[in-house]
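**Student:** Please build the complex by placing chain B on the supplied structure of chain A, with the hints as guidance.
Protein chains in written order, with the working numbering: chain A, 461 to 759; chain B, 461 to 759.
Since the hints were made in silico from the structure, they are not lab data. Please note that the accuracy of each hint is not assured.
Any copy, or any two copies together, can satisfy a pair, since identical chains are not distinguished.
Once the Cα atoms are required to be at most 20 Å apart in a straight line, the calculated SDA-like pairs of lysine to any residue come out as [said to hold, decoys possible]:
(1) K631 x E573
(2) K604 x A492
(3) K604 x Q534
(4) K710 x A474
(5) K569 x M555
(6) K523 x S473
(7) K569 x P553
(8) K631 x E691
(9) K604 x Q715
(10) K710 x H497
(11) K710 x E734
(12) K511 x H759
There are 2 protein chains.
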Amino acid sequence: MKTGEFEALLKTSASAVGDFLDDTLSSNQLVAGTPHHLLNAMRHGVLNGGKRLRPFLLCEVVKLFDGNPKAAMQVALAVECIHSYSLVHDDLPAMDDDDLRRGKPTVHKAFDEATAILAGDALLTLAFGLVASVEAISAETRIKLITLLSKKAGAPGMVGGQILDMQANGKPRSEIEITRMQAMKTGALISYACEAGALVAGASEEDRTRMRRYGENVGIAFQLADDLLDETGDAAIVGKTIGKDREQGKQTLAQIYGKRALEDRLAALVKGAEEMVEPFGERGAILVEAARFVSYRKH
Amino acid sequence: MKTGEFEALLKTSASAVGDFLDDTLSSNQLVAGTPHHLLNAMRHGVLNGGKRLRPFLLCEVVKLFDGNPKAAMQVALAVECIHSYSLVHDDLPAMDDDDLRRGKPTVHKAFDEATAILAGDALLTLAFGLVASVEAISAETRIKLITLLSKKAGAPGMVGGQILDMQANGKPRSEIEITRMQAMKTGALISYACEAGALVAGASEEDRTRMRRYGENVGIAFQLADDLLDETGDAAIVGKTIGKDREQGKQTLAQIYGKRALEDRLAALVKGAEEMVEPFGERGAILVEAARFVSYRKH
Numbered sequence: 461m462k463t464g465e466f467e468a469l470l471k472t473s474a475s476a477v478g479d480f481l482d483d484t485l486s487s488n489q490l491v492a493g494t495p496h497h498l499l500n501a502m503r504h505g506v507l508n509g510g511k512r513l514r515p516f517l518l519c520e521v522v523k524l525f526d527g528n529p530k531a532a533m534q535v536a537l538a539v540e541c542i543h544s545y546s547l548v549h550d551d552l553p554a555m556d557d558d559d560l561r562r563g564k565p566t567v568h569k570a571f572d573e574a575t576a577i578l579a580g581d582a583l584l585t586l587a588f589g590l591v592a593s594v595e596a597i598s599a600e601t602r603i604k605l606i607t608l609l610s611k612k613a614g615a616p617g618m619v620g621g622q623i624l625d626m627q628a629n630g631k632p633r634s635e636i637e638i639t640r641m642q643a644m645k646t647g648a649l650i651s652y653a654c655e656a657g658a659l660v661a662g663a664s665e666e667d668r669t670r671m672r673r674y675g676e677n678v679g680i681a682f683q684l685a686d687d688l689l690d691e692t693g694d695a696a697i698v699g700k701t702i703g704k705d706r707e708q709g710k711q712t713l714a715q716i717y718g719k720r721a722l723e724d725r726l727a728a729l730v731k732g733a734e735e736m737v738e739p740f741g742e743r744g745a746i747l748v749e750a751a752r753f754v755s756y757r758k759h
Numbered sequence: 461m462k463t464g465e466f467e468a469l470l471k472t473s474a475s476a477v478g479d480f481l482d483d484t485l486s487s488n489q490l491v492a493g494t495p496h497h498l499l500n501a502m503r504h505g506v507l508n509g510g511k512r513l514r515p516f517l518l519c520e521v522v523k524l525f526d527g528n529p530k531a532a533m534q535v536a537l538a539v540e541c542i543h544s545y546s547l548v549h550d551d552l553p554a555m556d557d558d559d560l561r562r563g564k565p566t567v568h569k570a571f572d573e574a575t576a577i578l579a580g581d582a583l584l585t586l587a588f589g590l591v592a593s594v595e596a597i598s599a600e601t602r603i604k605l606i607t608l609l610s611k612k613a614g615a616p617g618m619v620g621g622q623i624l625d626m627q628a629n630g631k632p633r634s635e636i637e638i639t640r641m642q643a644m645k646t647g648a649l650i651s652y653a654c655e656a657g658a659l660v661a662g663a664s665e666e667d668r669t670r671m672r673r674y675g676e677n678v679g680i681a682f683q684l685a686d687d688l689l690d691e692t693g694d695a696a697i698v699g700k701t702i703g704k705d706r707e708q709g710k711q712t713l714a715q716i717y718g719k720r721a722l723e724d725r726l727a728a729l730v731k732g733a734e735e736m737v738e739p740f741g742e743r744g745a746i747l748v749e750a751a752r753f754v755s756y757r758k759h
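Next up, chain A with everything else stripped away, as it sits in the complex:
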């Protein structure tokens, strides 16, 4: 598969995910009765033209194991609500203080800070309701998905990673500290998306472990590629300010090791991801391509 083909596939998927999110945020019974102002802010935070990488991975894993595509999509929407809420809160003045995201005003700029905090809270709360109400899979599986999501998105996962990142501002960090932070902040939810796909499809314990590990590799690669772009990327292609980490005094692995060593590391992560999907042969080709795309992307 050529890179261009994969990007087209991802784009088509992102567009479908965006449509489903739009539907969910206008007519799902879990949001019926929501004040308009809040719903508008939630929609602003979610319908942002993102790459929808997590939903893509989740749905592709479900496909790999011949699971139910409708169930896959609903869990995928929940994961994207979690990802979106984390961006809304991370952009707040007390956190990364970003005015723009993908060229649009962040939620606290388009609305106000209080609304952004509450819209984030509402998206997080909605996500669990979405997983709980996936009718095509058993209650037992939904419970497993929710328990795992609570860990991976919560204190020992994504939220914990964000705390570690905030605490490190301006302070030197060791490689181990940075790797732990990245595994939690970015790796946990990407890895969850992949493991959740295996759960939704009722894959074996062994395959579930494979998908989790695949996701861990992709998650860490995603963050490293981000760091690399922040150091060496072309602002016009990346679509955001370059050198922000360095300016904010955030030490990244790109700074510690330099471009060359980081590229070696990315190649090792891609190899690790490939090994996890090797047993599936040609059927795993899209997941291999996804790992490569994440690692070698220019934006």
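**Tutor:** Chain B in isolation, oriented as in the chain A frame:
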């Protein structure tokens, strides 16, 4: 039952809930691996000496229907995590901007704003994991509890109520608007606690409705009593600044109707709550007392 007896009962229950929350926030596997700084902030937000009214109501409803007390407590802890997170976020400078809660610095004062936002997010995420991992009840029941919690604590419930309250700052509000806001902001989670008790205990659909309605009455009464205390209470007994609503330009029903009319309204809500537990005779006495306590409290 005398008021003094009831208060003693509530105090004993609050102390037990506090101990269980302490245990959960140190050794539950859902928080294993949480960075210390984040865990400390979560503990600060939760272990605050609150009345633990919601856990009390939930556990009493479970008792009424002879449900499993251990399952009751775990769901009750989840509800208290939700309540606590909402206070942590409501206290933020962008929201109510409170420096103190129950005489102690609020989380953003004891730590910082970013930590308070993330500690709130982590508590909210933890709550769903706690409900998902209650082993003594079926996966189907847990799914019902989670779906309902997502609504009642989320955009169409508590979070939506907080948005309506923020939007109204300094603007005149109608009785209908205030009542809707209060039913969502405070009523939804209190009512959830009562309905969840019926679900945990496997009560009939009719009893579940009774408990929900009982909780709705108690929830609205709770907020009205709060408004009344803010207008007419004794700061030394209430334990917080009096007249804050008026000062912030928040119009309450106490201001629209005056003390007398509000007292009549509270009496009607207590009567409504009593009617819901009437069929249970003497066994419902504690719930009757709880409704009275909430409505006629001096703090």
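**Student:** Does each hint fit the structure? Answer for all of them.
**Tutor:** Checked hints:
1. K631 x E573: between (27 Å within a copy, 19 Å between copies)
2. K604 x A492: Classified as between: cross-chain Cα gap 17 Å, same-chain 26 Å, threshold 20 Å.
3. K604 x Q534: Answer is both: 15 Å inside a copy and 17 Å across each meet the 20 Å cutoff.
4. K710 x A474: neither (31 Å within a copy, 43 Å between copies)
5. K569 x M555: Both: 14 Å inside a copy, 15 Å across copies.
6. K523 x S473: within (13 Å within a copy, 50 Å between copies)
7. K569 x P553: Answer is both; intra-copy 10 Å and inter-copy 16 Å each pass.
8. K631 x E691: within (18 Å within a copy, 48 Å between copies)
9. K604 x Q715: neither (39 Å within a copy, 49 Å between copies)
10. K710 x H497: between (35 Å within a copy, 19 Å between copies)
11. K710 x E734: neither (31 Å within a copy, 59 Å between copies)
12. K511 x H759: within (10 Å within a copy, 51 Å between copies)
Comparing the model with each numbered hint stated earlier shows that hints 4, 9, 11 do not hold.
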